[in-house]
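8 protein chains.
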Amino acid sequence: LRNGYPEVIYCEGKQLEHIQHIIVEMLKRNNNILATRANPEVYEAVKEVCEDAVYHKLARIITIKRKEIQLPETYISVVTGGTSDIPVAEEAAITAEFLGNRVERIYDVGVAGLHRLLGNLDRVTGAKVIIAVAGMEGALASVVGGLVDKPVLAVPTSVGYGANFNGLSALLCMLNSCASGVAVMNIDNGFGAGYMASMINKL
Amino acid sequence: LRNGYPEVIYCEGKQLEHIQHIIVEMLKRNNNILATRANPEVYEAVKEVCEDAVYHKLARIITIKRKEIQLPETYISVVTGGTSDIPVAEEAAITAEFLGNRVERIYDVGVAGLHRLLGNLDRVTGAKVIIAVAGMEGALASVVGGLVDKPVLAVPTSVGYGANFNGLSALLCMLNSCASGVAVMNIDNGFGAGYMASMINKL
Amino acid sequence: LRNGYPEVIYCEGKQLEHIQHIIVEMLKRNNNILATRANPEVYEAVKEVCEDAVYHKLARIITIKRKEIQLPETYISVVTGGTSDIPVAEEAAITAEFLGNRVERIYDVGVAGLHRLLGNLDRVTGAKVIIAVAGMEGALASVVGGLVDKPVLAVPTSVGYGANFNGLSALLCMLNSCASGVAVMNIDNGFGAGYMASMINKL
Amino acid sequence: LRNGYPEVIYCEGKQLEHIQHIIVEMLKRNNNILATRANPEVYEAVKEVCEDAVYHKLARIITIKRKEIQLPETYISVVTGGTSDIPVAEEAAITAEFLGNRVERIYDVGVAGLHRLLGNLDRVTGAKVIIAVAGMEGALASVVGGLVDKPVLAVPTSVGYGANFNGLSALLCMLNSCASGVAVMNIDNGFGAGYMASMINKL
Amino acid sequence: LRNGYPEVIYCEGKQLEHIQHIIVEMLKRNNNILATRANPEVYEAVKEVCEDAVYHKLARIITIKRKEIQLPETYISVVTGGTSDIPVAEEAAITAEFLGNRVERIYDVGVAGLHRLLGNLDRVTGAKVIIAVAGMEGALASVVGGLVDKPVLAVPTSVGYGANFNGLSALLCMLNSCASGVAVMNIDNGFGAGYMASMINKL
Amino acid sequence: LRNGYPEVIYCEGKQLEHIQHIIVEMLKRNNNILATRANPEVYEAVKEVCEDAVYHKLARIITIKRKEIQLPETYISVVTGGTSDIPVAEEAAITAEFLGNRVERIYDVGVAGLHRLLGNLDRVTGAKVIIAVAGMEGALASVVGGLVDKPVLAVPTSVGYGANFNGLSALLCMLNSCASGVAVMNIDNGFGAGYMASMINKL
Amino acid sequence: LRNGYPEVIYCEGKQLEHIQHIIVEMLKRNNNILATRANPEVYEAVKEVCEDAVYHKLARIITIKRKEIQLPETYISVVTGGTSDIPVAEEAAITAEFLGNRVERIYDVGVAGLHRLLGNLDRVTGAKVIIAVAGMEGALASVVGGLVDKPVLAVPTSVGYGANFNGLSALLCMLNSCASGVAVMNIDNGFGAGYMASMINKL
Amino acid sequence: LRNGYPEVIYCEGKQLEHIQHIIVEMLKRNNNILATRANPEVYEAVKEVCEDAVYHKLARIITIKRKEIQLPETYISVVTGGTSDIPVAEEAAITAEFLGNRVERIYDVGVAGLHRLLGNLDRVTGAKVIIAVAGMEGALASVVGGLVDKPVLAVPTSVGYGANFNGLSALLCMLNSCASGVAVMNIDNGFGAGYMASMINKL
Ligand SMILES: Nc1ncnc2c1ncn2[C@@H]1O[C@H](COP(=O)(O)O)[C@@H](O)[C@H]1O
Ligand SMILES: Nc1ncnc2c1ncn2[C@@H]1O[C@H](COP(=O)(O)O)[C@@H](O)[C@H]1O
Ligand SMILES: Nc1ncnc2c1ncn2[C@@H]1O[C@H](COP(=O)(O)O)[C@@H](O)[C@H]1O
Ligand SMILES: Nc1ncnc2c1ncn2[C@@H]1O[C@H](COP(=O)(O)O)[C@@H](O)[C@H]1O
Ligand SMILES: [Mg+2]
Ligand SMILES: [Mg+2]
Ligand SMILES: [Mg+2]
Ligand SMILES: [Mg+2]
Ligand SMILES: [Mg+2]
Ligand SMILES: [Mg+2]
Ligand SMILES: [Mg+2]
Ligand SMILES: [Mg+2]
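Residue numbers (our numbering), protein chains in the order written: chain L, 1 to 203; chain Y, 204 to 406; chain B, 407 to 609; chain E, 610 to 812; chain A, 813 to 1015; chain F, 1016 to 1218; chain U, 1219 to 1421; chain V, 1422 to 1624.
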């Protein structure tokens, strides 16, 4: 296990007793713990075995803190195209913060409201690495990548309907970005983006 | 046949003699003629049966003029994301011009060079209807649609590679545009965009 | 915000309190408001904060009127292939009417009952712009496009089963229309069609 | 082998000597022979081993006749959407004729020229079974199926580009036909349609 | 309306009152009525407006008989690969019977139990037209098509999981059948197969 | 390297000098060598550096023998659906033979000629493991799997056209086989099947 | 029926009475019985007609034993990438055990914890055949195939989200394995893998 | 333009004169120039207008140097699964070097030869950021991501055949990586990976 890094559980599809069992084992090693894709019932179950577990509802994340982590001066900015992308963005932001990073949130600045992005460009540009979260056409990553000279981690979301095909449209859009400096995560993978951004922010 | 509108031939996959035969028949009716997807050999063959046929190389279009068409005051603007999208854009522009429209060309203003779009916004906004041509991630249509209060006809192109899947990425991106006022044509269908834009410009 | 145009909320996936909050903010600016993809519970929540909100059940739209909009003389016609396409058609029609347009509804005139379309051709042709809504094979858009000399906005619906693949069949059919003057919206995107038709109708 | 039915070879991807060898073997059994997907070089090779082989260029079919087949009174009609669909239609027509059927050809009557179909409806309706061949949006099968009370064998063709995806659009359109009495063949499978239509015509 | 043919309603996605209304209208014209994709609640609603409506539970079909139809001597055979395909097969069989046809059911004779098919070959071959219903790999249609000299209408079902992709595997398998005399219906479209088989059986 | 097993080169997309270089290196270790996907030019190049290299044209394989391998008593049977599948079958057969196995070839016994398979059942059943190679609908694997109580390695081929989508139809068909004892290789992967069959035959 | 082999029922989508009926019939023949995809309700229903039926909850399998089967000395190892893949792995393991095989379970040894695989390599290598079960990127099969000189049956699972597309990512990954000796089962098909592994283990 | 960064041209699909014209314009600004996807003819054309242009054949890159760039101490490592992935890897490596980075090449260390990766782990781990290039099943990125605590940029390649679907298998595999710290580039996008790795290496 990497120094200071938390142990991580992916809760989706796991049974409550199984999760409780894993948490109890982890607590013995006295590490920080991060549980993703946790709904309220999972949280109830975790609280039974660990009283100080904290629930981040929007992000569907449970955190348990046992060790302090030093914060670097630099920060990560997380931008979203719309308000429906916020849960995925929060998964990224909470993950990055729990891994010991400052995070700047700049939400709802997608192409349908480009002026809001332009009006916040300084906060975006000031980051060491940027996470761009967007569904539907996912154009935000290209727009940010074109405006900013920092590495961009693009997270397509499954927000949309019809020819969105559960996030395929945003995924393909981001993979084909003609702006340089954009790499792509799996659809709705806020956790992965937060983790990788933390790695880069601490280089 | 609509008044003043040309007769149209789609040349791809047709044999030279077949095309010559169609042109000869059409010439008898004394209408304007537009032939799309015509390579240089097609042009040579057409010239044999009609000396004043004009070839638009980039657009792969042949035009034969027999009747004047009155130009409306308003204009259509055609914007592209990159320089590789220009052949499709020219197919749209030449079609629209031949159908009797003024056309404003604003090329290579995609998200990788957003400032070039912002610097030309007046010429884009001034149009009655806008054709946005882009490959790869196809974000241009959304960006234009978000900035401008005019109907946008989005044409995805097959420019790109890999997860572009022959234009699928741009097509899906455009269909999922979260900007209002964007409708989509088939991949590489510059002709269709020029035709529909002409219809709208003459309303 | 465009003059006279309403503020728009897309309700799908948003929480009730969030929607109420947005509405309250919008009401302060005294604009017309249009909320799409609103189920009855959303309507109940909206009525709590705005008594005169009107619910269009079939269209799943809530409207709140604060300003009158002048109606142009011309009208938009909305045609559907079957009766199952009517909810999407109504989303388009209500949107267009609320944006200040006359709308002519011509429903259930698809290829399985072509005579019904031919019997209503005058009402279709008389429009300035036509919205064609169809699921399954989506052939209606091509048939209308072939018969009529007006711009057609084609809306594929997810009505069907099997090789329909949630609207893919109608979408591809419409994108490949060999009739000129047809542009395509996202699957089930009645709102987008109504919005764009309004733009065109007011040109 | 079915009585009177020819032996059939599918030439695509077979080597010339291999085809010659198969033909020589077949000739010994003195049956009629039908070779599909045969380009001119294949024909040259077949003529070397069988002087009276006949080549149907458009249909890419070679026929060798050794036995007469009685023609039924009824006929099969073959309709196409455009002129580019004719090669596939001819594969169907020549196959059906060689299997001993009268065939009525009604070409280029697709939705972009619906009046041509309506003007020829008697010849279509008079058939015992109809083969409808169309590419791009493939709407022809639905239109014919809606107008006519006879079994329709729909053949999607790979004619088109972009979101046609090599015939997928026409295939899906035809499979989702909301007109009753339509069954579908593989993309470009004129041979299969001619064969099945012959089976039905002789019932 | 074709002589003797019933009026047909597709119930899926329609509201109960809407269905009742349609039935009441149809009853005035005194035709036979066939309602497909009807669950038990739909049946309850229909019985309220028409006492003698009959429910075919497995087939999810409601029939209302007002006119007798003459049965031809010939029959249609319906074969299935497994027992899970029976609901779709029954939709085809009940439809064909209600349209006035004798039907022979030969179920659960797929490739995993080929001997059962071989043991029933006479009943299959004796039909004028065969409906082959199969999910998963859908090989039954090819096997029947290879053994039997009669037209085969292949109906892929969505039975299966994983790389079945909701019936895609069976659909593609059937479209690519290398046996001659096989045409394909939409996934799970038992009604369409019964209707078309009836057309052919009455030729 | 496994005992007695050859070193293997996949030639597709490699440059001639690069292949020659690899062969020269391998020859130093004095092992048997198998080169797959080798066209005639590759063979010419290999012969320049190794005189006794043998070319198996249909299989597109080059073999160089330096060590004898003991043959087990048992054998592998390789069956194909059609004659167009033979190159892939030969890739499997030659690979298996070169790895030290007896191989029984039973070609062109697909569902369109089921009697030929039934007439050869003993030779199929007698094997320790069976390789079933088929394109188009790929039903052969299921048919063999249903008839025979031995492990079947199914190899889909890209033989076909239209809705075959380069082998996808056969691949999906084989993955969904409802006969037990069938596992699937990549499309056209004759080498892999021969290798795995050899592993099993030598257990 | 193969000697000693159980009769098998696939319960998904079958009605409880239907399953009870099948079991009662099977019990008359006094064979071992294996029922897959059985949820707890199915088990309750089966217990009503057969008291000694055993339920394997994780594997969703019901077994009824009537005959002993001799165990071979060799064993099958079942490895999984993660803990979420265990249900599919158990379906394979229970199937193989019930068919009369020793099974070694080595779970949660995927690429994210490669050292756990390396630490257990002896137990993997010692098997006669290996079942590798993995979702998401499915890399486990390639890693095992590269390390071990035994046949590997790869089972992709539908575990994952986003660009996993219900198991497609793992399926494609496994089909393209560049390690030799890997064959692939349908997504989530633990039963099939256990059955085929048993066949191979008993050769 | 970013400080010290070269101007970039994407040559694919551009005409020779067009490329020459662009280069001449760029040379006036006296910047470094990088031209990607350049075949030998493009290089000949470029040399005509710029004598000191250098061609990197494997990488298909042309470089023109006008300014020195300071090298940081840290380095980027580029790993590939096989030898066929080397051209894409070289595109990444040459790009990164030309942008002013030290690059460590570690090629042909994929899962089929895992020991070679383990034997080179120090050189991989020592880098500040890693580029992992792999085709077929693309498992290398997951394996590296699992072993190493550095950001990994995964580049799927189109190397493979069959169910590889032009790189789709590797792309999906990499997007679904269950190792943390992996982000994905477009298929074959070595340039993009080199560019983004340079950005990260210089943070
Ligand atoms: N490049 C094009 N893309 C799509 N449709 C076209 C194109 N060029 C012509 N068409 C349409 O094709 C029809 C002519 O087709 P054809 O009779 O095959 O030459 C015209 O009526 C146009 O509507
Ligand atoms: N154009 C075609 N499309 C589909 N199937 C065909 C075609 N031509 C021939 N066939 C079938 O292919 C079989 C002959 O295949 P082969 O033995 O490979 O020549 C015949 O029995 C036909 O059923
Ligand atoms: N989980 C499973 N996945 C795939 N095939 C299965 C499964 N369980 C049973 N089978 C196959 O399905 C057949 C029984 O199907 P059925 O007659 O519908 O119960 C058996 O002979 C098995 O070959
Ligand atoms: N091989 C490549 N793949 C993806 N993008 C590239 C590649 N080479 C250059 N580019 C991008 O394409 C832009 C230049 O495109 P163009 O103006 O069409 O030459 C550059 O700014 C790069 O960001
Ligand atoms: Mg950038
Ligand atoms: Mg706009
Ligand atoms: Mg029109
Ligand atoms: Mg009909
Ligand atoms: Mg047959
Ligand atoms: Mg078997
Ligand atoms: Mg191995
Ligand atoms: Mg890592």
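Calculated directly from the structure, the hints in this document are not laboratory data.
Since the structure is predicted, the reported quantities are computational estimates derived from the model, not experimental observations.
Glycine included, C-beta positions come from ideal geometry on N, C-alpha and C.
It is possible that part of the hints are untrue.
As the list claims (entries may be wrong) - Here are a few chain U residues that face chain F, going by a calculated C-beta distance under 7 Å: (1) Ser1302; (2) Pro1305; (3) Leu1365; (4) Val1366; (5) Leu1371; (6) Leu1393; (7) Gly1399; (8) Ala1401; (9) Met1403; (10) Asn1404; (11) Tyr1413; (12) Met1414; (13) Met1417; (14) Ile1418.
Verification of the hints:
1. Ser1302: Hint on U/Ser1302: violated, closest Cβ of chain F at ~21 Å, above 7 Å.
2. Pro1305: violated (20 Å)
3. Leu1365: With Cβ-Cβ at 12 Å, over 7 Å, it is violated.
4. Val1366: violated (10 Å)
5. Leu1371: holds (6 Å)
6. Leu1393: Result: holds, 5 Å to nearest chain F Cβ.
7. Gly1399: holds (5 Å)
8. Ala1401: This hint holds: U/Ala1401 lies near chain F, its Cβ roughly 4 Å from the closest one there, short of 7 Å.
9. Met1403: At 6 Å from the nearest chain F Cβ, U/Met1403 passes the 7 Å test, so the hint holds.
10. Asn1404: Holds: closest Cβ of chain F sits about 5 Å from U/Asn1404, inside 7 Å.
11. Tyr1413: holds (5 Å)
12. Met1414: For U/Met1414, the interface hint holds, since the closest Cβ of chain F sits about 5 Å away, which is under 7 Å.
13. Met1417: holds (5 Å)
14. Ile1418: Holds: closest Cβ of chain F sits about 6 Å from U/Ile1418, inside 7 Å.
In terms of the numbered hints stated before, the structure departs from hints 1, 2, 3 and 4, listed from lowest to highest.
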